[in-house]
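Student: These protein sequences, in sequence, are chains P and Y.
Under this note's numbering, the first sequence has 65 at position 51, and the numbering climbs by one with no breaks.
Under this note's numbering, the second sequence has 175 at position 136, and the numbering climbs by one with no breaks.
These are calculated hints, taken from the structure and not from any lab test.
Computed from a predicted structure; not experimentally measured.
Hints may be right or wrong, so weigh each one.
[To be verified] Stretches of chain Y that chain P covers, calculated by requiring three or more beta carbons in the stretch to come under 8 Å of a beta carbon on chain P:
| hint | region |
| --- | --- |
| 1 | 147-155 |
| 2 | 226-232 |
| 3 | 258-271 |
| 4 | 285-293 |
The C-beta atom is built at its ideal place from N, Cα and C for all residues, glycine as well.
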Amino acid sequence: MNPAARSQANRALALRLLGGVAAAFAFGFLLVPLYDVICEATGLNGKTRGAAVAMADTRVDTSRKVQVEFISTTMPGMPWEFSAGEPRVSVHPGEITTVHFRVRNMTASTITGQAIPSVSPGKAASHLQKLDCFCFKQQTLAPGEVRDMPVSFIVDARLPDDVSALTLSYSFFAVDAAPGDAGRS
Amino acid sequence: MSTGSIAAHGHDDHAHHGPTGLARWLFTTNHKDIGTMYLMFSMIMFLIGGSLILSVRAELFQPGIQIIQPELFNQLIGLHALVMIFAALMPAATGFANWMLPLQIGAPDMALPRLNNWGFWLLPPAGTILLMPLVLYLFGIGTGGADAGWTLYPPLSAQSGWGIDFAILALHLMGISSVMGSINVVVTILNMRAPGMTMMKLPMFAWGWLMTAFLLIATIPVLAGAITMLLTDRHFGTHFFDAAGGGDPILFQHLFWFFGHPEVYILLLPIWGFIPHILETFARKPMYGYKAQVWSLVCIAALSVIVWAHHFFTAGMPVQALIYFMYSTMSISVPLAVLFFCWIATIWRGSMTFETPMLFALGFIILFGIGGLTGLVLADVAADAQYHHSYFVVAHFHYTLFAGGIMGVMAGVYYWLPKMTGHMYSEKLGKAHFWLTVISFNLTFMPQFFVGLAGMPRRIPDYALQFTEFNVISTIGAFALGLSQLIFVYNVVTTWRGKGEKATDGVWEGSKGLEWQLSSPPPHHSWDPQPVIK
Ligand code: HEM
Ligand SMILES: [Cu+2]
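Throw the hints in and build the complete structure from the sequences for me.
Tutor: Structure (C-alpha cells):
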C-alpha cells in the first residue's frame, strides 16, 4: 500500500473508532434513565412510588400480621429533629393504617426539606402503598416550628408470604443547599 | 514467527532527526521516543505513588493515630491508587505498546504519530493536577487532594473539598490520553502489519493490547460520563446521585464499576500478552496453545463488561441479580485457567534458564495465581458479605495488581531493556531485585489476608489492638518492598546511560519474533520497507 493510501485508511479507521467513543459516552448517560426504569419496574432498591396510589386493594387479610418498622434520619446539613411517633406497628395486609412523624426546626431560619422514602426488603417495596405522605411534597418550617405529619398506607395482600416484617425509612434532606455546600458548611 | 526479509537500514539516517534537546522530546512523533517517555513517566509516578502509601503504612505500624491525621490519610490512600492505576500501570503498558508493537508487527511507526505525541503530553499536566491539591494542603493551603478513595463514591465525593474537582479534571485528561493511545493501537495493529502477517500470526502481545484498546474505547467514556455527572451534582444543581432530588448514589456505583471492572483487565491484558513471549524465550520452546490463548483473551475481554456488580454485592440487590453476578464473575476464571494452563505447558519440560525476566515471569504466574484464586472466594456472594471492604480485598487486588501488574511490567522491562538501550543490565542486581521484591511483597500482603479475615476494615487510619502484629509485619514488608525498587531504578538508569556490555541483536538465546532481528538498539527508523512474512 502506498503511504498516501495508507494514511487515508488510517484516518478513516481512527474516525470510526472515535464514533465508538462517542457512542460509549452516550451509552453512559443512557444508563441513567435505564437504571430508573429498571428500579421502578422491579421495585429494586426499595424505591416506592412517588405519588399516592389512586386505588388500592383493600381486602383485609386477617389471617396474617406484618410488622412495619419506621426509621427516621436527617442527612448532614439538615438541622431538623425528626422522629417517628411509634417505632413500629403491626398491621393486617389490606388494612389502612395512619402513623405520624414529627419534625422540629431547631434553627432561627426558615428551612425547606424533602423526605425520601425507602423500603426494605426491596421486594416488599411495591407492596407498601402510600395513600398520603408528607414525602409527596416539600415541607417548609418556620424557625422553631414543630409539625406532626401523617403517613397513610396499606400493605397490600399480595405481599409475598415469606415477608413478615418490613422497614419504611425516611431521610430528610435540606432542599436549598447544593450537596457540596451542605458538607462544607 | 516466520522470518522476514530484512532491509539493512543502519545508523546512517541522522538526517531525519531534526531538533535535539527538549524540543526533540516535546515535538517527537517517533514511536520509540514516545515509548521511552511513557516508560519514564510511569517509573516516576510509580515512585511517587509508592511514597504516598509508605507514609500510610507508617501510620498503620501501630494502632492509634501517630503521624497522619484521618483527613490526610484519606487523601493518601485514594491518590496512591489513582496514581498507581492511571499514571503508573496504564502508561507503562502504553510505553511498551509504542516501543514494541511496531517492531513486532514490522511497521515503520505507529499509525497516527501526531495523536501519539498529544496522548503522551496530556499525562504530565494530568498528574500535576491530580497531586497539586495534596501538595498545597501540606503547606496549609486549601481543602486537600481527593479524599473519597479511588472509587470516588458519592455522597462522600459530593460533599468533600475541591481536591475532587481536580481529580475529576485529571481523570478526564488521563482518560482522553488513553483513548487516544487505544485508537492508535487499534489502527496500527489492523492497518500497519507487515505483508503476510495475518491476524492469527500476530504476536500475543498485540492480541492482548488489542483487547485492552477495545475495552478502553468502550468503558473510559462511561467513566467520563459518571465523573461529569458527579461534577454537575457538586456545582450545577443536578441530582444524578443526590437522593434528595430523586437521584441515587448507588447509580454511581453501577456507572463506576461498569468501567472499573473492565479496567482491571485493561491493566493486565497487555501483560498476559507478553508473558508468553518471555516464557517461550527462556524455555526455548514454541508458545503452547496460541489459538487457545487468543480466544481466552477475547473471552475475558467480552466477559469483563458483564460482571461489574460483584464490587457491591453488599449494597443490596435482589437474589436473582446476586446469583447472576456471582456466576458470571466466576465464569471468567475458565478462560483465565486456560491461559494459566498454556503458560505452564509452554515451560513444561523446556530447557529453562532463569535470567531476571524469566524469574519475574515465573513469580508473576505463582503470585498472580493467588490473586485470581482469592478473587474467586470474593465472588462468592455468601462469603463476600464477610470479606467485603476488609483487608482481604486489599490483599486480593495487590496480588493481582502488584504481582500481576507491576511485576509483570518489570518482567517486560528486563526482557526488552537490552533491545531498547543496546546494553545488558546487571544480572546480579536484577536477581537481587527479584528476590527482595518477592519476599517483601509476600511479607507485606500475605498478613493482610489474615487480618482481613479477622475483621479489619480497609481505608481506616486506626485499628483494634488485636490486629497489631499483622500490621507491624506488613509495614516492615512494605518499607523493604519500597527500598528494593531503588535497585531496579538504579539498574535501569545505569543501563540506559550505557553501562553494561553491548547487547547482541537477538539478546536472548531463545528469542523469537521480529523485534529481535533488528539491531540493539534498533535504528531510529525501523522496518522501512516492511519485512514480508511467509
Ligand atoms: C478470577 C479472577 C477474579 C475474580 C473472580 C475477582 C473477584 C473480585 C471481587 C468479587 C471483588 C470485590 C470484593 C469486594 O469488594 O468485596 C474484587 C475486588 C477487586 N479486584 Fe478482583 N477478581 C479477579 C481478578 C482480578 C484481577 C485480574 C484484578 C486486577 C488486575 C483484580 C482487581 C481487583 C480490585 C482492584 C478490586 C478492589 C476494588 C476496590 O474496591 O477498590 N481482580 N475482585
Ligand atoms: Cu471486578
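Student: Is the coverage entry for the region 258-271 of chain Y by chain P consistent with the three-residue Cβ rule at 8 Å?
Tutor: holds (count 9)
Student: Checking C-beta pairs, does the region 226-232 of chain Y have three or more residues closer than 8 Å to chain P?
Tutor: holds (count 4)
Student: Take the region 285-293 of chain Y, compare each residue's beta carbon with every beta carbon of chain P, and decide whether three or more fall closer than 8 Å.
Tutor: holds (count 5)
Student: Quick check: do three or more residues in the region 147-155 of chain Y have a beta carbon closer than 8 Å to a beta carbon of chain P?
Tutor: holds (count 3)
The structure meets every hint from the earlier list without exception.
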